[in-house]
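So the protein sequences, as listed, match chains A and B.
The letter at position 217 of the first sequence is residue 217 when you use my numbering, and the numbering goes up by one with no holes.
The letter at position 113 of the second sequence is residue 1113 when you use my numbering, and the numbering goes up by one with no holes.
Since the hints were derived computationally from the structure, they do not count as laboratory data.
Since this is a predicted model, take the numbers as computed values, not measurements.
Virtual Cβ for every residue (Gly too), placed ideally from N, Cα, C.
Heads up, a few of these hints could be off.
As the list claims (entries may be wrong) - Result set (BS3-like, lysine-lysine): computed pairs, CA atoms no more than 25 Å apart in a straight line: (1) A:Lys24 to A:Lys37; (2) A:Lys50 to A:Lys24; (3) A:Lys83 to B:Lys1030; (4) A:Lys83 to A:Lys124; (5) B:Lys1138 to B:Lys1128; (6) A:Lys319 to B:Lys1098; (7) A:Lys122 to A:Lys24; (8) A:Lys181 to B:Lys1128; (9) A:Lys109 to B:Lys1098; (10) B:Lys1119 to B:Lys1138; (11) A:Lys195 to A:Lys181; (12) A:Lys122 to A:Lys46; (13) B:Lys1098 to A:Lys322; (14) A:Lys83 to B:Lys1082; (15) B:Lys1082 to A:Lys322; (16) A:Lys50 to A:Lys233; (17) B:Lys1090 to A:Lys83; (18) A:Lys253 to A:Lys268; (19) A:Lys37 to A:Lys122.
Unchecked claim - For the chain A half of the interface with chain B, some residues (derived, Cβ under 8 Å), not all of them: (20) Thr72; (21) Gly95; (22) Gln98; (23) Leu107; (24) Thr110; (25) Glu175; (26) Asp241; (27) Tyr304; (28) Glu321; (29) Ala328.
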Amino acid sequence: MYGNTNITEEEAKRMNSVEEDPIKLAAFEERIARGEKIEPGDWMPKEYRKQLIRMIEQHAHSEIVGALPEGTWITRAPNFRRKLALIAKVQDEIGHGQLLYSAAETLGKTREQMLEDLLNGKSKYSNIFNYPAETWADVAVIGFLVDGAAIVNQVINSKGSYGPYCRALERICYEESFHLKQGHDNVVYLATGTKRQRAMLQDAINRWYRPLLHFFGPPDRTSQHSEKLMKWKVKLASNDDMRNQFLDQYVPKIWELGITFPDPNLKKNDENIWEFSDPDWEEFKRVINGDGPCNAERLAVRKYAEEAGRWVRNALMSKNEKYVTPLA
Amino acid sequence: MKNTLPHWHNLPFLEDLKISIMNSLDPRVKRLHLKSGETEPVHTNTHLVTWEVFHQDKRGKQHVHVGVVHASSPEMALIMAKEAFGRRGKTANLWVVKTSDVFTFQSEDEDMFETTPEKTFRDPAFYKVRDRIEKFQKQQLQ
């Protein structure tokens, strides 16, 4: 759920009631239907702009906050090669956050406003980063499976209709393929290592299994759909479809190592659909609303960065500069 | 299934997290002695300006627009651009241009370019003289 496109019932209603110029709206929708991209200077419906800002902004926050659980392990990486790879990966995540903030900014919300909304809790980030990385095996599992889930989501979103977001995602997906490979490498080393290494990996998989199922958001039968977001190519696949694609790609890669998932009901049925036990959607709701193991720490670290760096930014600020919205 | 899975909320250290976040797993966070709570709002009325970044991957090729960075000076913009767009593959050079210094057409004016492909008199293939030369040569022989 990097780019969260789940909307409330209220929002769905409003989306259908907002009046837009019918001629401009028709031209806009025809352009998207033809597969053309929308660019920052183009006319667009208010709701399109609003939903995109929300989605890209949350994606950006997820990259920045997502670097925290892994960053924890840089100082304790087991060897120099792993340390180099982890530093590079964490730097990538921050870079991706910056790319995405800029993409969202082309829609008219400044980066400072987005950061403000992250700190005051108005804007969310991916729920999965509210869980701690307890051991080195967590770093392996995050690198392989969390990034794997993110790539499923991002590859789909890169086929969307908003030009700057698609371009940012193409670069991001290209760079994240390295995250995935080094994560897999790390997982395989632990799985083929000593008994203790295998046990550590199995323990990490056990703990990350449910947050990974939560990653793509609530099941389709309980979440609000918007045909408009689909038509406008803001949302391109349902939560369940993305989750299924993820399980299809990654479950066999864990099973082939003799590692299991802590769910006896996890299997592919005759219609090629993955089935699994209820991953406790109440927990998902609870954590997203602030009551997760690391919510407070993640925000406190961001607040610290904001406050401790403020004097530097103020010193850099020139009063004569006039801010304009970035071009693309 | 609820009871068969390890539950994050049952881990002992989480109880401590609710009281104070100093018990972070991250030693660097621990050293900061952070407390959760209110923060002074981000100064949303002050912004670093943005710079459009152009990347040249090889000597002899053109610079291509790749994205945007935030910076207070051209020097800082170049450092940010190097970190953001020079982390993979080859880079020969980067340009940064302050966004406010870029002038563009409005995107609704795109139609002014619509007839360009019809202007075949601008194409080399429009100019065919071989027939005329051959006709001329035949006339000369008569």
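We went through each hint and held it up to the structure:
The suggested pairing of Lys24 of chain A with Lys37 of chain A holds, with an alpha-carbon distance near 15 Å, which does not exceed 25 Å. Pair hint Lys50 of chain A plus Lys24 of chain A holds up; C-alpha atoms about 17 Å apart against a cutoff of 25 Å. Annotation: proposed proximity of Lys83 of chain A to Lys1030 of chain B holds, straight-line Cα distance about 21 Å (limit 25 Å). For the hint pairing Lys83 of chain A with Lys124 of chain A, the CA-to-CA distance comes to about 29 Å; that exceeds 25 Å, so the pair is violated.
This hinted pair checks out: Lys1138 of chain B and Lys1128 of chain B have alpha carbons roughly 18 Å apart, not beyond 25 Å. Proposed proximity of Lys319 of chain A and Lys1098 of chain B is supported: the alpha carbons are some 16 Å apart, at most 25 Å. Pair hint Lys122 of chain A plus Lys24 of chain A does not hold up; C-alpha atoms about 31 Å apart against a cutoff of 25 Å. Among the hinted pairs, Lys181 of chain A with Lys1128 of chain B is inconsistent with the structure: their alpha-carbon atoms are about 57 Å apart, more than 25 Å.
The hinted pair formed by Lys109 of chain A and Lys1098 of chain B meets the criterion: a straight-line CA distance of about 18 Å does not exceed 25 Å. The suggested pairing of Lys1119 of chain B with Lys1138 of chain B is violated, with an alpha-carbon distance near 33 Å, which exceeds 25 Å. Between the alpha carbons of Lys195 of chain A and Lys181 of chain A the distance comes to roughly 23 Å, so the proposed pair stays at or under 25 Å and holds. For the proposed pair Lys122 of chain A and Lys46 of chain A, the alpha carbon gap of about 20 Å is at most 25 Å, so the pair holds.
For a cut-off of 25 Å, the pair hint linking Lys1098 of chain B to Lys322 of chain A stands: about 10 Å separates their Cα positions. Pair hint Lys83 of chain A plus Lys1082 of chain B holds up; C-alpha atoms about 22 Å apart against a cutoff of 25 Å. As the CA atoms of Lys1082 of chain B and Lys322 of chain A are separated by approximately 24 Å, the hinted pair is consistent with the 25 Å bound. Simply put, Lys50 of chain A and Lys233 of chain A have alpha-carbon atoms about 14 Å apart, close enough for the 25 Å limit, and the pair holds.
The hinted pair formed by Lys1090 of chain B and Lys83 of chain A meets the criterion: a straight-line CA distance of about 23 Å does not exceed 25 Å. As the CA atoms of Lys253 of chain A and Lys268 of chain A are separated by approximately 14 Å, the hinted pair is consistent with the 25 Å bound. This hinted pair does not check out: Lys37 of chain A and Lys122 of chain A have alpha carbons roughly 29 Å apart, beyond 25 Å. Interface restraint check for Thr72 of chain A: the shortest CB-CB distance to chain B comes to about 4 Å, inside 8 Å, so the restraint holds.
For Gly95 of chain A, the interface hint holds, since its Cβ comes within 8 Å of a Cβ in chain B; the closest pair sits about 5 Å apart. The interface hint given for Gln98 of chain A holds, since its Cβ lies 6 Å from the closest Cβ of chain B, which is under the 8 Å cut-off. Hint on Leu107 of chain A is violated. Least Cβ distance to chain B is approximately 13 Å, over the 8 Å limit. Nearest Cβ of chain B to the Cβ of Thr110 of chain A: about 5 Å, under the 8 Å cut. The hint holds.
Interface restraint check for Glu175 of chain A: the shortest CB-CB distance to chain B comes to about 6 Å, inside 8 Å, so the restraint holds. About 23 Å separates the beta-carbon of Asp241 of chain A from the nearest beta-carbon of chain B, more than 8 Å, and the hint is not met. Given hint, Tyr304 of chain A at the interface with chain B, holds; its Cβ is 6 Å from that chain's nearest Cβ, closer than 8 Å. For Glu321 of chain A, the interface hint holds, since its Cβ comes within 8 Å of a Cβ in chain B; the closest pair sits about 5 Å apart.
For Ala328 of chain A, the shortest C-beta to C-beta distance to chain B is roughly 7 Å, which falls under 8 Å, so the interface hint holds.
Hint compliance for this structure: hints 4, 7, 8, 10, 19, 23 and 26 are not met, and every other hint is.
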